[in-house]
Amino acid sequence: MQQMTAQPVIEARGLNLTFHTNDGPVHALKDVNLSVAKGEFVSFIGPSGCGKTTLLRAIADLEQPTSGSLTVNGMTPEAARKARAYGYVFQAAGLYPWRTIEGNVKLPLEIMGYSRADQAERAARVLDLVELKGFEKKFPWQLSGGMQQRASIARALAFDADILLMDEPFGALDEIVRDRLNEELLKLWARTEKTIGFVTHSIPEAVYLSTKIVVMSPRPGRITDVIDSTLPRERPLDIRDTPEFIAIAHRVREGLRAGYDGDA
Amino acid sequence: MRRSLPVLTVVVVLIGLWYLLVIPMNAKWERDQAARAGTELGLGTLVVNTMGQDRPVLPAPHQVVVELWNSTVVEEFTGRRGIWRSGSLSNRSLVYHGLVTLGATMLGFVIGTGAGILLAIGIVYNKAMDASVMPWAIASQTIPIIALAPMIIVVLNSVGISGLIPKAIIAAYLSFFPVVVGMVKGLRAPDAMQLDLMKTWSASGGQVFRTLRLPSSMPYLFASLKVGVAAALVGTIVGELPVQQGGLGVRLLSGSYYGQTVQIWAALFAAAILAAGLVWIVALIEKRVLRRMGMAP
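As you go down the protein sequences, you meet chains A and B in turn. 1 is the number of the first residue of the first sequence in our numbering; add one for each residue after it. 1001 is the number of the first residue of the second sequence in our numbering; add one for each residue after it.
A couple of the hints might just be wrong.
[Unchecked claim] Heads up, simulated DMTMM-like pairs for lysine to aspartate or glutamate below, C-alpha to C-alpha not over 25 Å straight-line: (1) A:138 x A:174; (2) A:133 x A:102; (3) A:187 x A:136; (4) B:1199 x A:110; (5) A:137 x A:160; (6) B:1127 x A:63; (7) A:82 x A:11; (8) A:38 x A:174; (9) A:138 x A:160; (10) A:38 x A:234; (11) A:187 x A:238; (12) A:82 x B:1191; (13) B:1199 x A:118; (14) A:82 x A:121; (15) B:1199 x A:11; (16) B:1287 x A:136; (17) A:30 x A:184; (18) B:1199 x A:179; (19) B:1199 x A:78; (20) A:138 x B:1286; (21) B:1226 x B:1286; (22) A:38 x A:184; (23) B:1199 x A:63; (24) A:82 x B:1196; (25) A:137 x A:110; (26) B:1199 x A:102; (27) A:133 x A:193; (28) A:133 x A:179; (29) B:1199 x A:168; (30) A:137 x A:184; (31) B:1199 x A:160; (32) B:1287 x A:102; (33) A:30 x B:1196; (34) A:137 x B:1286; (35) A:138 x B:1191; (36) B:1185 x B:1130; (37) B:1028 x B:1040; (38) B:1185 x B:1286.
No lab work stands behind these hints: they were computed from the structure.
Take the sequences, apply the hints, and build the full model.
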């Protein structure tokens, strides 16, 4: 476990977020309290409508909380966004079809005003990091779905944000590719020591990846359980067959079920 | 080659149907002539005669081709006023009139495309324009251009503008519309996720436009340009009708004044060839641009 003396990277206190729709208000987040320390890998898991994506988007300043406090790196989410505190990876790779892989990775760097030499150097480095060396000049449609998602992760890493926010990044990929990318993501996390916020609806994925699992439930979206993983940081794929892994997965499942019971 | 075979087949069928139509269309005049002269008309003679009248109701395809040839190559190279003898294009040749039309078409197309893109940007970025411009743009296209064109020419003439500009403005009037419609759709093509991504990078409005909205709109723009360039040609020809200072429109109108149906058809085909050429050029540029952008194989 991380020591809690340092200032948390992400901290939510009494966070509420209500969407006003034509069918009346929707409580996407209700009284959310959360503290994420530097270097943690936090998964947000829950059924659809539990607000896990909304929470991630609020951290990224893509949604505005209705009440409560939310800080990222000790700043407001807006200030953190403008300070380029995080990289965001969406469920779809969202690469621009008219740019090469390298061009896509360079896009945020271009927007942020990095020099050309710096852009090239950084693009080469992050593409190497996600094992896409040799694909720089390819266009997105020439790559498989898994490779496209790796390129989008490279794009989020390119500008040295120390937080990586990922919204079901592997949700659209098949299980075999997903397993491999999960393994690679853990390696990448170990190498870069970033703080990662990861939204998923897969229990094995959440347990395999995380140091902290935040279990959420819908209507209203709230946190029902926060599990600190006892698994070691070094995790081969077959750790998923150990009793420890199964015990944590069980607790996550219980948490999800409790959310449903409360709902009924 | 594989693509040209179906096209050629259709062309051959159409020409065949055309020839078949020529016979009944022009037969009445031949029968009247024969009756007046008191001669008997055999079927063979009738068919042959319908294909070679001076002022047929419907000229045969080869007559139109011959007229096209005569009023371009023959006129320019053997005519007294042709480029070969006089050093300038003959005002009786379709080359001259085609170039007059082409000039106004191109100017109108450029004005229309520019105006269309600017309006589209306004519509996408300005709420008031979004709510107000499109109904007017649609209304503008419901007014028959043939009714509007003379008024544009009269109004502009009264403020001292005549010649190329009024025709180009009529061409622009027709060609801006498809560009507005296409570009509004194109500039709005980026989905919420792509725009969110831009926000996570704190991209400025100008950066979002330049790196996301504009490239996204390219396929839409070119589709619009193909419609727009053909519309500009139609606008120019309509604009030439009341002015009578050269252009394919003049040839069409003077042909109808004097019952020169062959001349009308030749001018029509010249206009069609010009339109096809312009659309082909736009398509060629489209292919190049999209290939360079990696969006076409």
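**Asked** CA of residue 30 of chain A to CA of residue 184 of chain A, is that 25 Å or under?
**Response** violated (34 Å)
**Message:** Does residue 1130 of chain B sit within 25 Å of residue 1185 of chain B, going by the straight-line distance between their CA atoms?
**Reply:** Holds: residue 1185 of chain B and residue 1130 of chain B sit about 12 Å apart, inside 25 Å.
**Asked** Is the straight-line distance between the alpha-carbon of residue 137 of chain A and that of residue 1286 of chain B 25 Å or less?
**Response** Status holds; Cα separation ~22 Å.
**Asked** Is the straight-line distance between the alpha-carbon of residue 1199 of chain B and that of residue 63 of chain A 25 Å or less?
**Response** At roughly 11 Å apart (the allowed maximum being 25 Å), residue 63 of chain A and residue 1199 of chain B satisfy the hint.
**Asked** Would the pair residue 1199 of chain B and residue 110 of chain A pass a check requiring their Cα atoms to be no farther apart than 25 Å?
**Response** holds (14 Å)
**Item:** Distance restraint between residue 38 of chain A and residue 234 of chain A, which requires alpha-carbon spacing of 25 Å or less
**Value:** holds (18 Å)
**Item:** Pair hint outcome, residue 137 of chain A versus residue 160 of chain A [Cα-Cα no greater than 25 Å]
**Value:** Holds. Residue 137 of chain A to residue 160 of chain A sits at ~23 Å (cutoff 25 Å).
**Item:** Satisfaction of hint between residue 174 of chain A and residue 138 of chain A, Cα-Cα up to 25 Å
**Value:** The hint holds at about 23 Å.
**Prompt:** Hey, residue 38 of chain A versus residue 174 of chain A, does the alpha-carbon distance stay inside 25 Å?
**Reply:** The hint is violated at about 31 Å.
**Request:** Would you mind confirming whether the straight-line C-alpha gap from residue 82 of chain A to residue 1196 of chain B stays at or under 25 Å?
**Result:** holds (14 Å)
**Message:** For residue 1028 of chain B and residue 1040 of chain B, compute the direct alpha-carbon distance and say whether it is at most 25 Å.
**Reply:** Holds - the C-alpha atoms of residue 1040 of chain B and residue 1028 of chain B are around 14 Å apart, at most 25 Å.
**Message:** Just to be careful, I want the Cα atoms of residue 30 of chain A and residue 1196 of chain B compared with a cutoff of 25 Å; is the pair within it?
**Reply:** Given pair residue 30 of chain A, residue 1196 of chain B holds - Cα atoms ~24 Å apart, limit 25 Å.
Consistency with the previously given hints fails for numbers 8, 17, 18, ordered from lowest to highest.
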